[in-house]
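Trainee: Chains as they are written, first to last, in our numbering: chain A, 4 to 223; chain B, 1196 to 1447.
Check each hint, because a few of them may be wrong.
Result set (DSSO-like, lysine-lysine): computed pairs, CA atoms no more than 27 Å apart in a straight line [as the list claims (entries may be wrong)]:
id	chain 1	residue 1	chain 2	residue 2
1	A	K89	B	K1436
2	A	K17	B	K1436
3	B	K1337	B	K1381
These are calculated hints, taken from the structure and not from any lab test.
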Amino acid sequence: MTRIRFHRQLDDLKERLLVMAGMAEQAIQRAVEAYRVRDLSLCDLVARSEASINSFEREIDQMALDLLAMEQPMAIDLRFILAVIKINADLERVGDQAVSISERVRDLHALPAVELPVDIPRMAALASSMVRRALQGFIEADAEVAQSVLAMDDSVDKLNDAAFFSLSAMIQEQPLYAPQALHALLIARNLERVGDHATNVAEDVIFWVRGADVRHHLSA
Amino acid sequence: MGVGIEVSELNAWYGSNHTLQNINLRIPANHATALIGPSGCGKSTFVRCLNRMHETNPVGRVTGSVLIGQLDIYTQASPVEIRRRVGMVFQRPNPFPTMSIYDNVASGLRLNGYRNRVVLDEVVQRSLEQAALWEEVKDDLKKKSGASLSGGQQQRLCIARALAVDPEVMLMDEPASALDPVSTAKIEDLIFQLKSQYTIVIVTHNMQQAARVAENTGFFLNGRLVEFDATHKIFTNPRDKRTEDYITGRFG
């Protein structure tokens, strides 16, 4: 009764999701680099990658749906497919955050350059490392690695809070630059959301590997 | 009403082949319990020990105890008494081919000495209704033989025959494996309804079927009970790696 073909299909599903994950991660890096060097050509690349990410999302959902319908998976295989469906949605949203950041970069580019009291590249590095770590947990089926992502989310949240206070103060003190500060605030918010999506991915990896639901700070 | 089953240190042999080893298990009353495992793992032998059928094999031997309710079936009752209290349905429907539908259902009662026509009529109708077959056969009860029915109807006839003697436990050894999907669905619906009145133990190779009909599931491997738990737990997050490997098709 060994189901060799089915398990190959699960491997294919995992591989497709990882390709998509790579694209989503690259989109965030490009969007943040576009912010850092004010390069609109990178924004174009992000916009173009969105269509591919969306296409991957549909393909992966269809593959997962077919496997559920045709193979009626059980136990760890069932949890894997459920996790893939949820991770797929989170990665697509990561791609959306990248698009949103690149749109803010375009708006910022149209305004006079100004020193902003927020370290966007640092936030981005932290959020991206969360995504990478969550995916490492997924690749290696390692719940411990995934667990470590959950603790990192607080750091991103704190950076976002700090950005809120410093940029709010700037808006009050230098209202002339309020549009630039607001755009930076929204970019910080986008990166905080990327951290949230990475946390969701990590929780789904833990669910797949351990069968434990750790969402909303539940310890199972 | 159904009664619980308590199995302690159950061992069974076919000649020198030790087919069941130290089985300990509590099967709750009025629940459906599924037994799964690869061919030759001992699950069918196990259910045959629950109504003393295993010992009908010349080389079959059993040690340990099985309590049906409060009754130790190996020390406190005869095999005939046990088989009245513990009905059994097999993989292939086995109606008595020359008997009418009515006589098939009434056969167990007649063997137990019932002759009153009114009582027999009542029990036959009630049993066929319980087996969800009454509406399909009520006009042909004495005209048609059991063998003239479709495979799915024959299996429900066998269930009605088992129910007619008012058992407390129903054992089902792959009851739907020879049936088409529609007949299978009817049998599964029936199991779902019957468990309010009987304790049901079902052996199945169809894990989706186990997941659909049973509250609890036991996994057998090489004559041992590897894991017994709530069905939803077994099929989503089993404790034992061997259970997981089996139900995900990584061996078997």
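Trainee: All hints are to be evaluated individually against the structure, with a verdict given for each.
Mentor: Hints, one by one, checked against the model:
no.: 1; hint: A:K89 - B:K1436; in the structure: holds (25 Å)
no.: 2; hint: A:K17 - B:K1436; in the structure: holds (22 Å)
no.: 3; hint: B:K1337 - B:K1381; in the structure: holds (24 Å)
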